[in-house]
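Engineer: Here are the chains, one letter per residue:
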Amino acid sequence: MGLTAASTGTGAVEGKWVLRREHPEDRVIALAGNPNVGKSTLFNALTHLRQHTGNWPGKTVAAAQGRCEHKGRGYLLVDLPGTYSLLARSAEEEAARDFLCFGGADAAVVVCDATGLERNLNLVLQTLELHSRTVVCVNLLDEAERKGISVDLAELSRRLGVPVVGTAAGRGEGLEELLAAVEDVIAHPPQAKLPRYLPPIERALEVLTTQVSGRCGALPPRWTALRLLDGESSALASITQALGRDLREEPGIARCLTEVRAELARVGLEGELLRERLVSCLIWRAEDMAHAVVSSVQADSHRRDRRLDRIFTSRLTGIPVMLLLLAGVFWLTLAGANYPSQLLSQGLFWLQDRLSGLFTYLGAPQWLHDMLVLGVYRTLAWVVGVMLPPMAIFFPLFTLLEDFGYLPRVAFVLDHAFQKAHACGKQALTMAMGFGCNAAGVTGCRIIDSPRERLIAMLTNSFVPCNGRFPTLIALISMFFVGTAGGWGESLGAAVLLTGLIVLGVVLTFWASRLLSATVLKGAPSSFTLELPPYRRPRVGQVIVRSVLDRTLFVLARAAAVAAPAGLVIWLCANVEVQGGSILQHCTAFLDPLGRLMGLDGVILMAFLLGFPANEIVLPLILMTYLSSGSLLELGELEEMRALLVEQGWTGLTAVCMILFSLFHWPCSTTCLTVRKESGSWKWTALAWLLPTAVGMGLCILTAALARLLGLV
Amino acid sequence: MREQPRLSALGVGEEARVCRVEAASALRRRLMDLGLVPGTRVTCVGKSPAGDPAAYAFRGAVIALRRADAEEVCLFAGAELPLEEEAVGAWD
Numbered sequence: 000m001g002l003t004a005a006s007t008g009t010g011a012v013e014g015k016w017v018l019r020r021e022h023p024e025d026r027v028i029a030l031a032g033n034p035n036v037g038k039s040t041l042f043n044a045l046t047h048l049r050q051h052t053g054n055w056p057g058k059t060v061a062a063a064q065g066r067c068e069h070k071g072r073g074y075l076l077v078d079l080p081g082t083y084s085l086l087a088r089s090a091e092e093e094a095a096r097d098f099l100c101f102g103g104a105d106a107a108v109v110v111c112d113a114t115g116l117e118r119n120l121n122l123v124l125q126t127l128e129l130h131s132r133t134v135v136c137v138n139l140l141d142e143a144e145r146k147g148i149s150v151d152l153a154e155l156s157r158r159l160g161v162p163v164v165g166t167a168a169g170r171g172e173g174l175e176e177l178l179a180a181v182e183d184v185i186a187h188p189p190q191a192k193l194p195r196y197l198p199p200i201e202r203a204l205e206v207l208t209t210q211v212s213g214r215c216g217a218l219p220p221r222w223t224a225l226r227l228l229d230g231e232s233s234a235l236a237s238i239t240q241a242l243g244r245d246l247r248e249e250p251g252i253a254r255c256l257t258e259v260r261a262e263l264a265r266v267g268l269e270g271e272l273l274r275e276r277l278v279s280c281l282i283w284r285a286e287d288m289a290h291a292v293v294s295s296v297q298a299d300s301h302r303r304d305r306r307l308d309r310i311f312t313s314r315l316t317g318i319p320v321m322l323l324l325l326a327g328v329f330w331l332t333l334a335g336a337n338y339p340s341q342l343l344s345q346g347l348f349w350l351q352d353r354l355s356g357l358f359t360y361l362g363a364p365q366w367l368h369d370m371l372v373l374g375v376y377r378t379l380a381w382v383v384g385v386m387l388p389p390m391a392i393f394f395p396l397f398t399l400l401e402d403f404g405y406l407p408r409v410a411f412v413l414d415h416a417f418q419k420a421h422a423c424g425k426q427a428l429t430m431a432m433g434f435g436c437n438a439a440g441v442t443g444c445r446i447i448d449s450p451r452e453r454l455i456a457m458l459t460n461s462f463v464p465c466n467g468r469f470p471t472l473i474a475l476i477s478m479f480f481v482g483t484a485g486g487w488g489e490s491l492g493a494a495v496l497l498t499g500l501i502v503l504g505v506v507l508t509f510w511a512s513r514l515l516s517a518t519v520l521k522g523a524p525s526s527f528t529l530e531l532p533p534y535r536r537p538r539v540g541q542v543i544v545r546s547v548l549d550r551t552l553f554v555l556a557r558a559a560a561v562a563a564p565a566g567l568v569i570w571l572c573a574n575v576e577v578q579g580g581s582i583l584q585h586c587t588a589f590l591d592p593l594g595r596l597m598g599l600d601g602v603i604l605m606a607f608l609l610g611f612p613a614n615e616i617v618l619p620l621i622l623m624t625y626l627s628s629g630s631l632l633e634l635g636e637l638e639e640m641r642a643l644l645v646e647q648g649w650t651g652l653t654a655v656c657m658i659l660f661s662l663f664h665w666p667c668s669t670t671c672l673t674v675r676k677e678s679g680s681w682k683w684t685a686l687a688w689l690l691p692t693a694v695g696m697g698l699c700i701l702t703a704a705l706a707r708l709l710g711l712v
Numbered sequence: 000m001r002e003q004p005r006l007s008a009l010g011v012g013e014e015a016r017v018c019r020v021e022a023a024s025a026l027r028r029r030l031m032d033l034g035l036v037p038g039t040r041v042t043c044v045g046k047s048p049a050g051d052p053a054a055y056a057f058r059g060a061v062i063a064l065r066r067a068d069a070e071e072v073c074l075f076a077g078a079e080l081p082l083e084e085e086a087v088g089a090w091d
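Respectively, the protein sequence lines represent chains E and D.
If you use numbering that gives the first Met the number 0, the first sequence closes out at 712, no skipped numbers anywhere.
If you use numbering that gives the first Met the number 0, the second sequence closes out at 91, no skipped numbers anywhere.
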């Protein structure tokens, strides 16, 4: 398994764009901007779509498309991945640059953060060189106002030569004006004031631009000349691909390039220094402009952020605060979910009785009733009853922290450990995404530039439990370790245990990453930069609505879609007799020896195997299987569930091993397919499957052997 | 030439100006895109619990860098004039 481009997924992020125009006359608008400036929020506000947003750089890893209308005209918006520049080499930056250059956009909107305008202007200037039909959108004006920062939009527009519109996308302010400005630049291309370079560079550019003019297709000649002078290979490769020929091989251009290079070398501008000056000129220009248009009433408008950073990241408080926050989120989830959980399961089982009544009333045969009500409906009811309440609390809480800007601080605090594991610090971000969904976490690994480190992050993502596994962990902890009464004290105990499990998951992530970088993915840690964005006031109402509607219901629907057929399969397996026993008995009997070795039993292993499409259904499947072979109980509450499990021979060891195996086993089918897609290789997918499975089986066998040796069971 | 101070040596709350970025091509490019070009004023605003990485504020943003990477950024020593000929380069 060598580290070739094909095996490491560099091919995963394609520069090819398929525009989905609803109407041929729709205008195509590219939305560009630095990471984390509210681009996705703006996109959502304009298109009424629900691209996930969050306060950390790299949230948008794939370009989303959406349509909106303004004054009877349709616009197709393309939300490009956030980039600081169009000159560097990361996959997102290349994708954004290629779309702006060759994607055929009618206009570009560059979204800027009003609270840090200077840094954003670099990208604005680079975009102007590419696209004169550009509108600059100064977003987050509400945040800026809160920090006492004001931006002179008219002056900025005068200095750039293109329209500048102020927005507060979170509140939907300024969107009309933005679309009007977009229409305006399409109708009347503005005279953009392009950045000027040092005089010797300008002289060289002038000559080169004349040479290039007429030979560079639809590309702006000055921009093309700049790229030739700069000599950066990926930009030149894209140009060559777009034109179908290499400009550097045309005799006139090649000769001219050699001449101007020699001229520049005479004044000391060659190689790296030339490149540095090209970038510096843009940065200086941005600095100049920002000083002229931004004014701040406070001497240090970021003081509050620095104070919060001291709490969240300092040596004394960084890690304790992180653990406290995690435990706090779990505590609120557990304590809050308890009562609604009981209510919900009572309601769902009341409905089951009504359904049974209905079947009797209709005179349906008994087997049909058993199959649909006891098989399909009951499994579904358990999945909904067990999962919905904790998810409906955990997701919004987690999203609030995300919206606030806490996640990059976690990455900052944990980076040292990742560095020791020869991995990238941004892996902490993809790990945090894994809490929501491991498949999303794997896709999120695109924010990691180094192919080696990206693979490490993908292969170890399932070491943290996704939301599909949280309810199982919570139920097991409550039943076997802290009691099921569900008081605030017991919830606290459960929250502490759950936090401990997450810490174990994170520690094993470090360990597995180190193992990978010492064996199949050898290499030294590469350099990386991590932005710590300004803290933002979370939009509470929006977060709750969005996370309940989008994430909770989406995940629930997926689980239910799997649970219903799985319930049917289990019921059939339990009731179809072959050679003196049900199919289920044959299967579980076959798996039983391995299960016992791991401190589990055949039924549990079988449930994990059947739960491959969705982890949510593992616990319901176990109960279902036990019920089909044992006495029928009216299950509603955890205490009754516990009684059933104990009756089936569960001990504390079974619970511990089940918890360990829930944490560390094969990723679900969606995650596996995502690893395949992102890595482009079945071999890495197999490793992503094997690694956590081997760790989980090893831990379970070890725990079981140890417990038996010590005579604990 | 005497040993120049490095960005990694900057303590929390200390401020300096960048004189040169010596990092290898990819990181150098990224740092410059973020605005860390010669002459830029940088403040170290915090260190992580392990002391590495550290957070640096420049041009209105805060960027975390690992120590090994911050080593590659040279600073002007305290008394040196920041914008001498070396930094401005061949403007004329």
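Please keep in mind that the hints were generated in silico from the structure rather than gathered at the bench.
Careful, some of the hints might be misleading.
Unchecked claim - So the derived label-pair ranges between C-beta atoms look like this:
1) Gly230/E to Ala76/D: 46 to 56 Å
2) Leu272/E to Gly12/D: 29 to 39 Å
3) Phe480/E to Ala23/D: 44 to 54 Å
4) Ala67/D to Gly71/E: 54 to 64 Å
5) Ala642/E to Ala67/D: 49 to 59 Å
6) Glu14/D to Ala264/E: 32 to 42 Å
7) Gly12/D to Pro23/E: 52 to 62 Å
8) Phe480/E to Ala76/D: 56 to 66 Å
9) Gly12/D to Pro250/E: 54 to 64 Å
10) Ser24/D to Leu323/E: 53 to 63 Å
11) Glu14/D to Gly71/E: 31 to 41 Å
12) Ser668/E to Gly12/D: 50 to 60 Å
13) Pro188/E to Gly12/D: 27 to 37 Å
14) Gly12/D to Trp510/E: 30 to 40 Å
To be verified - Negatives, chain E to chain D, calculated, CB over 10 Å:
15) Leu86
16) Leu116
17) Leu193
18) Ile318
19) Gln351
20) Leu399
21) Gly424
22) Leu652
23) Met696
As the list claims (entries may be wrong) - Among the chain E residues that face chain D by a calculated CB cut under 8 Å, a handful are:
24) Glu117
25) Ala236
26) Ser237
27) Ser279
28) Arg305
29) Leu307
30) Asp308
31) Phe411
32) Asp414
33) Glu530
34) Leu531
35) Tyr534
This one's a predicted model, so the numbers in the text were calculated from it and none came from an experiment.
Glycine residues also receive a C-beta, built at the ideal position from the N, C-alpha and C atoms.
Engineer: If any of the earlier hints don't hold here, list their numbers in rising order.
Structural biologist: 1, 10, 11, 13, 15, 16, 18, 21, 25, 26, 29, 35
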